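A.B. asks: Per this note's numbering, the very first residue in the sequence shown carries number 8; after that it's consecutive.
Hint data in this document are derived by calculation from the structure and do not stem from the laboratory.
Heads up, a few of these hints could be off.
Now the in silico label distances, taken between C-beta atoms and shown as ranges [claimed, not checked]:
1) 148 with 59: 43 to 51 Å
2) 33 with 116: 55 to 63 Å
3) 247 with 111: 37 to 45 Å
4) 116 with 34: 23 to 31 Å
5) 186 with 108: 13 to 21 Å
6) 214 with 284: 55 to 63 Å
7) 168 with 238: 55 to 63 Å
8) 193 with 270: 30 to 38 Å
9) 132 with 184: 46 to 54 Å
10) 283 with 247: 43 to 51 Å
11) 186 with 70: 36 to 44 Å
12) 212 with 287: 55 to 63 Å
Quantities reported herein were computed from a predicted structural model and do not represent experimental measurements.
The beta-carbon is built from N, C-alpha and C at its ideal position, and this holds for glycine as well.
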Amino acid sequence: MGLPTTANYIVVSALLAPVIVTLGQQNGLIVPLIAVHLFVFYFGIMADVTPPVGLASFAAAAVSGGDPIRTGVVAFFYSLRTAALPFLFIFNTDLLLINVGWGQGMLVFVVATVAMLLFAAATQGWFLTRNKAYETIALLLIAFTLFRPGFWMDMVAPPFQDVEPALIEQAAMETAVGQNLRLEVSGLNAVGDPVTFTALLPVGEGETGADRLFASGLEYMINGDEVVIDNVTFGSPAAEAGFDWDQKIEVVRKPVSQPSKYWMFIPALVLLAFVVMLQRGRAARLQPEAA
8 MGLPTTANYI VVSALLAPVI VTLGQQNGLI VPLIAVHLFV FYFGIMADVT PPVGLASFAA
68 AAVSGGDPIR TGVVAFFYSL RTAALPFLFI FNTDLLLINV GWGQGMLVFV VATVAMLLFA
128 AATQGWFLTR NKAYETIALL LIAFTLFRPG FWMDMVAPPF QDVEPALIEQ AAMETAVGQN
188 LRLEVSGLNA VGDPVTFTAL LPVGEGETGA DRLFASGLEY MINGDEVVID NVTFGSPAAE
248 AGFDWDQKIE VVRKPVSQPS KYWMFIPALV LLAFVVMLQR GRAARLQPEA A
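Model the full structure from these sequences, guided by the hints.
C.D. replies: Okay, structure coming up:
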């Protein structure tokens, strides 16, 4: 964009971050706002390398004495290999160290670094030696698993269980205080346009499910199988989540116990060891020929 770093952040966070948050909620993707800001800020910074701006490429060409267009093209293709980095903040929010301990934080940092190196090795076609096509596919699969182990674990053991909207009080009672109910609602937004989105509602304290939902700021009416929001307490967790009166709760998902997603690292590392074994053997056979 050709802007200084601070101005760059202000522009992309003001224009793009709200759009990504809204589209994510409408498609069931809920991420912390800080993760979205880091996501858009990264691509804003990358604009100095990639077209149509490429100021950093022209500056590098001036220093090296090279052709600025060719420098920009090469820089663009090299930068494509780092395009996966901002997605880490979206799909692996543990990197933000929100409610993450020291041990888990170190594990996430190490694994994310290894995953980025493997992604670069796969896209460049060279790991310990030149990649075969199936090795490149394997490295991409390993990198994806290390990036987002929860993708596979959610297939094995879903983290949420769907319940009927009319059973929302029972779901709130069966959910521990402080955990989130995942609600999909439909209705009208602040300007009167129809909207459907997904939001997380922290369960408050209370002796019954209705008391817990009221403590979270959510008041509702149950008419048969339909649940309609009657009122949302100002400044409550429900209000912060984006709920509003006269919206209809379409789906209620309560959290269920799930094995740690980090178990998915084991098959990924086993596959990585197999690729390393193949490439080391091939590199050893090619070494005498090179000599």
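A.B. asks: Can you name, in rising order, the numbers of the hints this structure does not satisfy?
C.D. replies: Hints 1, 2, 3, 7, 11 not satisfied by this model.
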